[in-house]
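Peer 1: Protein sequences, first through last, are from chains A and B. Under the numbering used here, think of the first position of the first sequence as 13, with each following residue one higher. Under the numbering used here, think of the first position of the second sequence as 1042, with each following residue one higher.
No lab work stands behind these hints, which were simulated from the structure alone.
Have a look at the derived ranges for each label pair, beta carbon to beta carbon:
1. A/F295 to B/A1292: 33 to 43 Å
2. B/A1292 to A/Q166: 36 to 46 Å
3. B/G1181 to A/R73: 27 to 37 Å
4. A/F295 to B/A1207: 27 to 37 Å
5. A/L457 to B/A1207: 33 to 43 Å
6. A/Q166 to B/C1272: 53 to 63 Å
7. A/R32 to B/A1219: 28 to 38 Å
Just so we're clear, the structure is a prediction, and the values are computed from it rather than from any experiment. Glycine included, every Cβ here is placed at the ideal spot set by N, Cα and C.
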Amino acid sequence: MSAVLAVRDLSVALPPGSDRQFAVEGVSFDLQRGEILCIVGASGSGKSVLSAAIMGALPGRLRQTHGSIALGGRELTGLPSAALRALRGNRMALIPQEPLAALNPTMTIARQLGEVFDLHAQLPAAERHRRVRALLEAMHLPDIERIARSYPHQLSGGQCQRICIAMALALGPDVLIADEPTTALDVTTQAQILRLIREGRDRSGHGVLFITHDFGVVRDIADRVAVMEAGRLVEIGAAADVLVRPAHAYTRALLAAVPKLECKAPCLPAPAAMTVTGLTRHFGATRALDGVDLVLERGATLAIVGESGSGKSTLARALVRIVEPGGGSVDIGGIDLLAQRGPGLRRARRQVQMIFQDPYGALNPRRRVGSMIARAAVLGGLGNAAARDRAAELLALVGLPADAFDRYPAAFSGGQRQRIGIARALAMNPAVLIADESVSALDVLVQAQVLALLAELQARLGVAMLFITHDLRVACAISDRIAVMRRGKIVESCDAATLLAHPVHDYTRALIAAIPGQ
Amino acid sequence: MAVVGLWVFVAVFAPLLAPRDPLVSFAPLLRPGAAGFPLGTDLLGRDILSRLCWGARPVLGLALAATLIAYALGVTAGLIAGYRRGWADTLLSFIANVILAFPVLVLYLVVIVALGASYLNVIIAVTFGSAPAVFRIVRGITIDIAHRDYIAAAVTQGEAAWRIMAIDILPNAAPALAVDFCLRLGYTAIVIGALGFLGLGLPPPAPDWGGMVTDGRALAFAFPHLVIFPCIAISSLVLGLSLIADGLRDAQ
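Excised from the complex, chain A in its bound form:
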């Protein structure tokens, strides 16, 4: 086998004043023809900078300070930009993370695909047309003529990603760089895209550099694995070796943090903390919530699992009345939350608190952490002094240092901010905690820590938790019961172990089959 891409001692410097000197430091590896090499690492480990450096598309503030990148024996470092441009798209191509953002919204799919040929090869119109159709066919897209005439916004995320892959493969590149290509997609779509990338590789024998943070995906697709930590390549080897017998401590820690498909023992039956009956919410003709019934027991965790568009986030927001439900009832301790108005509503809604998905958007950037949590405690019924004590106590409880009290959210990482969000929610002593994809934006190590924290807090405080996620692995790890949601309806609901072992609904089976890395 010949190395189609050889990277030697590559370093990319960060601008002065960053938290470390190099984004990528002394990285060397070979990518063989016909091989899928996965680069794994937490966010900020430099894996995206590495791929940008190889594409010769580093952001302006970064520059390559050292090392060489050779594509099929030809050195890329120091190549004039015109020569590099001729190689890009032609000999190496990129599959982006956000397919919709990568496509031009004002051009039809057929024109965008055709343009790729126009840029790098002169083809007669009929030949170009034939090749575009052939590409779309190879992507297993339904109704090719309609899709060719469509604009990107008329297609789903998975379809857009297929178009991006078609574009990348259009000119038969030697190297395909896929930067988290399935992160923005649902699990069932993710499984299809992974299959597509493997198929393309089998057909044309190009090398694939696959960047991801998800070990499940690695298990599914990788021939070899490279692990990055803080800009350095700490381990590289055959997938079977690295995943089974990791040599480096960091790799072991990452692997240990991956949620397993193991269920915790369901808790004992308890009286209901929250009873939801016939909850509806329509957006125009779309039934985001189509008669949802739920019972959440005291001290128990119920996971709501579903793909994007299933209505699970609308459910979370309807339960705290940020989205106003169209009908139904939400009974908490004998009070119907949906019947409340004015001051009654302000009191009643304090029983249900939410932990948000985006740790960066959920905290007011201009308020100090301590005052934010103390204010929640005051609204929960404490006096000012008692609330400050409670806030300090909660910060310690979620594992943050005492000096966090007087700092602003900007001083904290994503995982720490999520802990602050948890402390704020708990400050009100709610009966029900709703976690809306609260660990989805976090790296696997941090995700495992936050999940452990939530489980521990629940055991200690006995609060009921509604845990909303798209990830069945996470749902299994934390919940007593799982409800599967699809198109605004709960299609199946039972304890986690039973759901995994004996799924009844077809959709549940499809979800379980699509879990990566089984």
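Based on the hints, put chain B in the right spot on chain A.
Peer 2: Then chain B, alone, in the frame of chain A:
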């Protein structure tokens, strides 16, 4: 920054800095550089430098007062409309749009002609014209911020609406508003100059940059210094405020 600082300094210490009484006549139409009159004198023989120094006071004072009042009104209404939406938003936006539909200068003229020329009425006129514009900006920013998760968090905590607006929304809107405030301050200074030029500013003989340009206009070709120096004063002040606004924007 330095230019604006200089004018503020001049306005505050006008009595000490101005070499002469701005209202007293000396020899008329002296050229700049004449002994004791570095910028010359006007048609009535008043010292132009002194009139510029004293003239900084009404311009700065009025511009600041009018802009502050416009902001107080615009921010309050904008927060309510943007956060509450519904009929309050419809009503307030309608009023703002009706006012904004008139050419601003015509609006000022109408208000001042109706109420008469005085300090207070200049402030009322400028507030009347500026507040709707401030309202629209604040309303837009508020609608944007109101959709963020930390607002949702405050709502689920059962926080009072006025506290959400004052503590969670306003501080996060402040950086963008600070930029607009400086630009609007400069714009108001121009308006006050324009009103003075149209003879609707301060009643004579009070020193007024816009009024000085009007008085000198007829003789501008023979004695350009009558017009040039007040124009430089207005332009430098507005330019300085714009530069501060740019600086604030870049600092964000």
